[in-house]
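K.L.:
Chains as they are written, first to last, in our numbering: chain E, 1 to 640; chain B, 1 to 501; chain P, 1 to 473; chain X, 1 to 105.
Just so you know, these hints were derived from the structure itself, not from any lab. Treat the hints with care, since some could be wrong.
Derived pair list, reagent style DSS-like, types lysine-lysine, alpha-carbon separation capped at 25 Å [what the hints assert, rightly or not]:
hint, chain 1, residue 1, chain 2, residue 2
1, P, LYS363, P, LYS346
2, P, LYS422, P, LYS268
3, B, LYS71, P, LYS152
4, B, LYS111, P, LYS150
5, P, LYS348, P, LYS363
6, P, LYS268, P, LYS346
7, B, LYS111, E, LYS27
8, E, LYS551, E, LYS538
9, E, LYS27, B, LYS456
10, E, LYS171, B, LYS460
11, B, LYS111, P, LYS428
12, E, LYS573, E, LYS555
13, B, LYS111, P, LYS33
14, P, LYS268, P, LYS348
15, E, LYS83, B, LYS494
16, P, LYS95, B, LYS22
17, P, LYS96, P, LYS152
18, P, LYS346, X, LYS104
19, B, LYS494, E, LYS30
20, E, LYS32, E, LYS119
21, E, LYS119, B, LYS371
22, P, LYS95, P, LYS437
23, P, LYS102, P, LYS33
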Amino acid sequence: MINFSYTIWILILPFFMFLLLGLAGHKLFKAKLSGLLGTGGLGIITILSYITAYRYFFVTGKIEGAFQKITAVNITWLQFTDKLHIDMGVLLDPISVMMLVVITTVSLMVHIYSLGYMKGEKGFERFFSFLSLFSFSMLGLVLATNIFQMYIFWELVGVSSFLLIGFYYQKPSAVRASKKAFIVTRFADLGFLIGILILSFNTKTFDFITLTNPTGTAILQGTGIGFLGLSIMTWSMIFVFMGGVGKSAMFPFHIWLPDAMEGPTPVSALIHAATMVVAGVYLVARMFPIYAISAPVALHVVAYVGAFSSLFAAIIACTQTDIKRVLAYSTMSQIGMMMCALGVASYGGEEGLGYMASMFHLFTHAMFKALLFLGAGAIIHAVHSNYMTDMGGLRKYLPITHITFLIACLTIAGIPPFSAFFSKDEILTAAFHSNKILFGVEYAVAGLTAFYMFRLYFNIFWGKDTQYHHTPHEAPATMTIPLILLAIASLFTGFIPFNKLVTSDSKVLESGLEMMIAIPSVLIGLLGIGIAYVMYRKETSIPDRLATTFKYGYKWAYNKFYIDELYLFVTKKIIFRYIAQPVAWFDRHIVDGTMNAIATVTQVISFRIRGFQSGQLQKYAFVFITGVIMLAIFFIYLWK
Amino acid sequence: MDILSLFVVIPVLTITAILFLKDTRQVRLVSAFGMGLQLLMAALLVFLYLTARHAGNSDEMLFIRDYLWFKSLNIHYAVGVDGISVAMIALTSLVVFAGIFASWEVEFLRKEFFISLILLATGVFGFFISIDLFTMFLFYELAVIPMYLLIGIWGSGPKEYSAMKLTIMLMGGSALLLVGLLGIYFNSSPDATKLTFNILEISKVVIPLPAQRIFFPLTFLGFGVLGALFPFHTWSPDGHASAPTAVSMLHAGVLMKLGGYGAFRVAIFLMPEAAHELSWIFIILTSISVVYGAFGAIAQKDLKYINAYSSVSHCGLVLFAVLMMNQTAMNGAIIQMISHGLMTALFFALIGMLYGRTHTRLINEMGGLMKVIPFLSVCYVIAGLASLGLPGLSGFVAEMTIFVGAFQHHELFYRIVTIMAVSSIVITAVYILRVIAILLLGPTTNEHFEHLPDAKWFEKISVITLIGAVAAIGLVPFWLSTMIGTSLHPIINKILALNPF
Amino acid sequence: MSLGTFLIMRHELLLITAALLVLIAELFWNPEKKKGISHFSLILFGVITIIGFLPSPEGSIFGGMYVSSGTRLLMKNILNIGTLIVFIQSIGWLKKEENVEKVSEYFLLLISTLVGMNFMISAGHFLIFYIGIELAIIPIAALAAYDRYKNKSAEAGIKLILSSALSSGILLYGISMIYGTTGTLYFNEVAALFGNTNLQILGFIFFFAGMAFKISIVPFHLWTADVYEGSPVNITSYLSVISKGASVFILMIILFTVFPVIIATWQKTIFVVSVLTMTIGNLFAIRQQNLKRFLAFSSISQAGYILLGMIGGNQLGMASIIYYILVYVFSNLGAFGVVAAISNAKGKENIDDYNGLYHTNPKLSLVMTLALFSLAGIPPVAGFFGKFFLFTAAAQKGFYLLVFIAVLNTIISLYYYLLVVKAMFISKSDTPIESFKSDISTRIALGICIAGIVLTGFASIIFEVIRNLSFGV
Amino acid sequence: MNSGIPLQYFLILATVMFFTGVYGFLTRRNLITILMSVELILNSVNINFLAFNRYLYPHKLEGMFFSVFVIAVAASEAAVAIAIIINIYRRFTTINVEDVNEMKF
């Protein structure tokens, strides 16, 4: 058994970088140095992660044919009761180690990329300090040994996301977006927290290993007690999933994600494409035994929410013109697929294919989506616009970006041999064997994905020849190197044998390509590309005509089905106007009014009774005599 | 002279020293020195306490000193501390210390200001070290009265009205309290031979249930008024809004904690049966406080009002947790008191500093301050994040302990109410972010704000002290939680013994 | 019965001697020397006060008509202290042009009333009690009308004398019924023979009403405000503190020793009137502008609180009342002392006039604040302890509701006391009372008051001594 | 009984006198008359004392003595009162009680 306790440094180092750069960054170092410090720090962490991954997967992780859950470090951080305590620690198992690799890789790429992208921006060191904070939180999240630690880091990634979206804090739209992101996810986290509370009440533990032990007792707690027809465990898992829905931008909590694109593009790549948004998927995967064994209904919820979101987002993505927003919806759609895959899986054996597929797709998605965003960043960097209407024919100016972007597009479209072909294929297979409706949805999504991605691609790199104020030029090496590296990753990660590494019960899962599924999925991908080619390769009027033909459908999709407006209506009109303001009014006028009224009444009485003190001696005497008589009557006849 | 009495003696000596100063410029130095000494004393106390506990001293209270005062009524001047009081004392000394620096620039009647401020602190310290109900009550009232002058003289806005309202309502609370305390006193001995005010002694007897049913609500409400229990919280927004910076800090940060501490130490500890029986009523009130305060804060425009309502919500949580009557929730309640004390003091300090620069407290008149005064703005953001319960800062630790604890309650009703209370964290996020977004972020709206100076050295001392404490609790809550937790054992054991759940 | 037994009456004898000496001085001293008459009286009285504290024999003479005991001596001493403070406070006022002629009258009359009060307190028989009470009140009526050239003063005098005559009549009527039903006027014999018949209760109520008038308990209080406002400030303070204190003492003694049989009845009576007294007194006080009138109503509500100590009929109650009166002497005289100082120096008596007083006369304001806080029962000053003990005494007998009402009333009273504090500290004024230096006697008097206000509370020994002496009537 | 007139008669007389006095006190406007009403009250008390003493407790003279003192005190009271009334007349130029109300409320 190798001692993994050094993994704690994976957490400590970025936190230290955050403090160093955040507190002293602008004083001690020049901007460039702090960037290098941040990147260097992350580089060390990346190396550590790779070493860990290697040692875990290939040296010691496996015992009796199954990967073990290894608690590398565990320190009690806060004690609630004898059994309930929050620990801070590092839990190594296949998914956390895989996530470790994903996060550090993408994060390192983004760090390097940012050195170029953010050059000269005010608050350079602040940016890197926030990035370190994010890395810290995200790593903490995936390495969490218990659900409460996960919740803590869950909140922390939320806040680092908030800080990074609002990085350009003088830009009102960025401020709005960051606020929105935080509050929406916070609302979802409320569900998460409630879920944790219910779960811990029933199982009396936070610890993942105890909780998710498929043969343990914790997993069986609360499965019998019913509320509205569902068991308590189901409810708690639905609540927990609510947190995942928020963080992973699933319907109906997806509204923050497109707006979050206000943040700097590397941030979008890192947080809102590759890592943080898949936390929801990771959460479900982490709790998967419970979902699968004790709360299958909740797992169905996961599947349907995922499937619906993926379709919903894909449709919207087809109509958007802001390239980052298209990518954002694409992210949402892909994550929906992962969720769906998790939802159709069950614990162990062949039925666990969905779980593996989901994790596989998570992995590949991180690579190609980061690539897409970074590529988009390079484009925006060159064109100074987010809108594809301002672009066209950029392949001549940005050759490296063009190639890497194309690779990414092919990957996401599921064209072999690119990585997503394999992972998406597994997802479709899993869905096919479990639920035909979901399979249909995902199949359609695959086609739509290919369509909108190539719509994007053709619009940017081909299409009309736009005249630019400044001739766009290729990005510096700090930006292109990550692009190339990620492109390579997109190309080859598909060949990683995930079925041997990451499975629902940590045992090897025999699976291969099912041609029954693979061929149609490639075909629909090609179909999507073809349609996009026809419509957007050259400037044509087809899109406009289509838009007018499906006028209402297009309008609804373009306006994102008015979900934003619905939220606005609920928050501004209902909550603010019909709850908060009335509460404030009630407080001022009724509650406070009562207190003031007591004072006023006292004053009024005081004024009214002043007549007794008339200054007339005889009236005084009259009161005196009356008082005596009243007392006499009272005590002799009434109350003796 | 025992160490605990020093906590009362040092402020009194400081006041005396200030009284004899001729030069008003030295006043604040003397105050800062006195309160700095107090802070050191608090640190020393924490150290001594932990050492004593470590050495295996398992008495309920440590450093007990008992002087007979009024023999015929068996009134003692009795002091003693357990982990909870030690924590509260540490909190108080921190906030007072920060408060002195936050009011560095008070010009008008400076001497009187610092005297009143320290007098207020004296009352609070005295309250926390007392284990005799009489002295406790004495110090409680002593703490309330300087508020009137502090708000009335150095306040702003409708200060006279606010000061009067605050004083009268708090005294109203103490009226209820007094009756409750007398009731406890006359039931403190089964055969009425050895009546006592001593908390430890009373806790050993069982007050008859009929008496508890009368005196528990009185005592709890009495302290509840100070803890801003709905619907007796309305002194808080007005009072805070009108009070000068340091007073808001002390008041929200420390004085309101007297309510929670008292409710816990007196009402529930001494009358657990009635507490158990009647807690549902107050649970409803407190959960209304929690949610209602948060909603109230959303609609406000004045920074201090926002914070005042937020205090209503957070302090409601304290009482809420105390009423859950289990180890974890009570532990959370105490941490919440400390955490909220620090956070809200920080908030008020910052608001005061912002007000000193912009001369407005209305959020829609400000904007984009982050660019102009980054230090203060960042501190404000930190305070906000602490307030909305961000992990790593104290608010999270407190709230989570409360929620987890409250949710362990065996009755479904309490768990459902807990979920209601939990929902406040979202509302909190809404109003905090709303303020941060409007106030600090975005473009600078007013050209007068372009050249505002950032924090001065004394302001930095004040703010950094508090932030340091907030972060320390947030990052390493274990020692605090354990210190409080072990002190809770005897209390919980008493409750458990009497109410077999 | 030797002459020595008369020494039991030491307080009264000394006071009578003093009165005579003042009279002789007035008669025989030449005009030049007469200027020293106030100092002469003051020193004389100071000596008497000190002698009062010397150990004294206890017992009764005149067949039990006159009783002396530790408690009663203590009461007399408290009254002596209060009177001494009043005397010191009035030195400056007596030097005024219009008063120079009447200095000896002032002392003579006040000492006479004090003699009356002492007799009243030492009474073991209704006759002594009656003579004492009349001796205590009639000269005050004359003093109330002391300012011959002021309408208000004359009005105060006539209101006091006529009201008190009526109340005496009713009191006597009550006594006559008691006499008629028991056949005796000795306290101890009445106590033994008292039953619970309607006539006796009627007699008791008449008696109680007569006493309630002296203590100004609602609804027998209406004279109070007018008389307090009209009289010279020093007389008002004497009236509100010493006279009221003495009446409280004797009412308490009589209730506890003469009427224990009908304790249920008088507890109910006191319950009702104390609630009325506190509430009405407070409600009137809220609106007052004239400080003397303000303090008059405040003293009415104070009487209501004092009744709380009586209601239990217990030893603690007696101790707390005596203690409270002591505290009240210092607090109220402190407040009146400031009012008198300002009234005499600047002729201003309204709360509005006090606006911004702290900025011009900080020391006076502080004294006033402390005195008011003591009256309101705010720690750490003595009033807090006094009130606490009173409430404890009532609570001991289970009168929690009454205690609750009383505490609520203290909040109202705190409100109006704070109004004065507000005027002094917070309100701004265009024409504040100018800074002035009050004379030495005022300062000494106020110093004594402050010392009393601060120390009486903390020094538990005082309360313990009182407690040990109580019930030794 | 040693007299033909029963005790009750005296008591009734005293009561009537008492209430006459009270009535006079409440209704008469002249200060002197009011003073006289007070005397009526006091004298009714005297009658009570004397009658009780004579009829019920003839062997002790407490009632007698009491009434003597009441008379004496009443006289001094009247003296002071009249002195003040004279002063009132000087200041207000009237002795109508209703006009003597500078202070109220």
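K.L.:
Hints first: check each against the structure and report whether it holds.
P.N.:
Against the structure, the hints:
{"no.": "1", "hint": "P/LYS363 <-> P/LYS346", "result": "16 Å, holds"}
{"no.": "2", "hint": "P/LYS422 <-> P/LYS268", "result": "38 Å, violated"}
{"no.": "3", "hint": "B/LYS71 <-> P/LYS152", "result": "48 Å, violated"}
{"no.": "4", "hint": "B/LYS111 <-> P/LYS150", "result": "43 Å, violated"}
{"no.": "5", "hint": "P/LYS348 <-> P/LYS363", "result": "17 Å, holds"}
{"no.": "6", "hint": "P/LYS268 <-> P/LYS346", "result": "46 Å, violated"}
{"no.": "7", "hint": "B/LYS111 <-> E/LYS27", "result": "39 Å, violated"}
{"no.": "8", "hint": "E/LYS551 <-> E/LYS538", "result": "23 Å, holds"}
{"no.": "9", "hint": "E/LYS27 <-> B/LYS456", "result": "18 Å, holds"}
{"no.": "10", "hint": "E/LYS171 <-> B/LYS460", "result": "28 Å, violated"}
{"no.": "11", "hint": "B/LYS111 <-> P/LYS428", "result": "19 Å, holds"}
{"no.": "12", "hint": "E/LYS573 <-> E/LYS555", "result": "24 Å, holds"}
{"no.": "13", "hint": "B/LYS111 <-> P/LYS33", "result": "48 Å, violated"}
{"no.": "14", "hint": "P/LYS268 <-> P/LYS348", "result": "42 Å, violated"}
{"no.": "15", "hint": "E/LYS83 <-> B/LYS494", "result": "21 Å, holds"}
{"no.": "16", "hint": "P/LYS95 <-> B/LYS22", "result": "35 Å, violated"}
{"no.": "17", "hint": "P/LYS96 <-> P/LYS152", "result": "19 Å, holds"}
{"no.": "18", "hint": "P/LYS346 <-> X/LYS104", "result": "24 Å, holds"}
{"no.": "19", "hint": "B/LYS494 <-> E/LYS30", "result": "60 Å, violated"}
{"no.": "20", "hint": "E/LYS32 <-> E/LYS119", "result": "8 Å, holds"}
{"no.": "21", "hint": "E/LYS119 <-> B/LYS371", "result": "20 Å, holds"}
{"no.": "22", "hint": "P/LYS95 <-> P/LYS437", "result": "16 Å, holds"}
{"no.": "23", "hint": "P/LYS102 <-> P/LYS33", "result": "14 Å, holds"}
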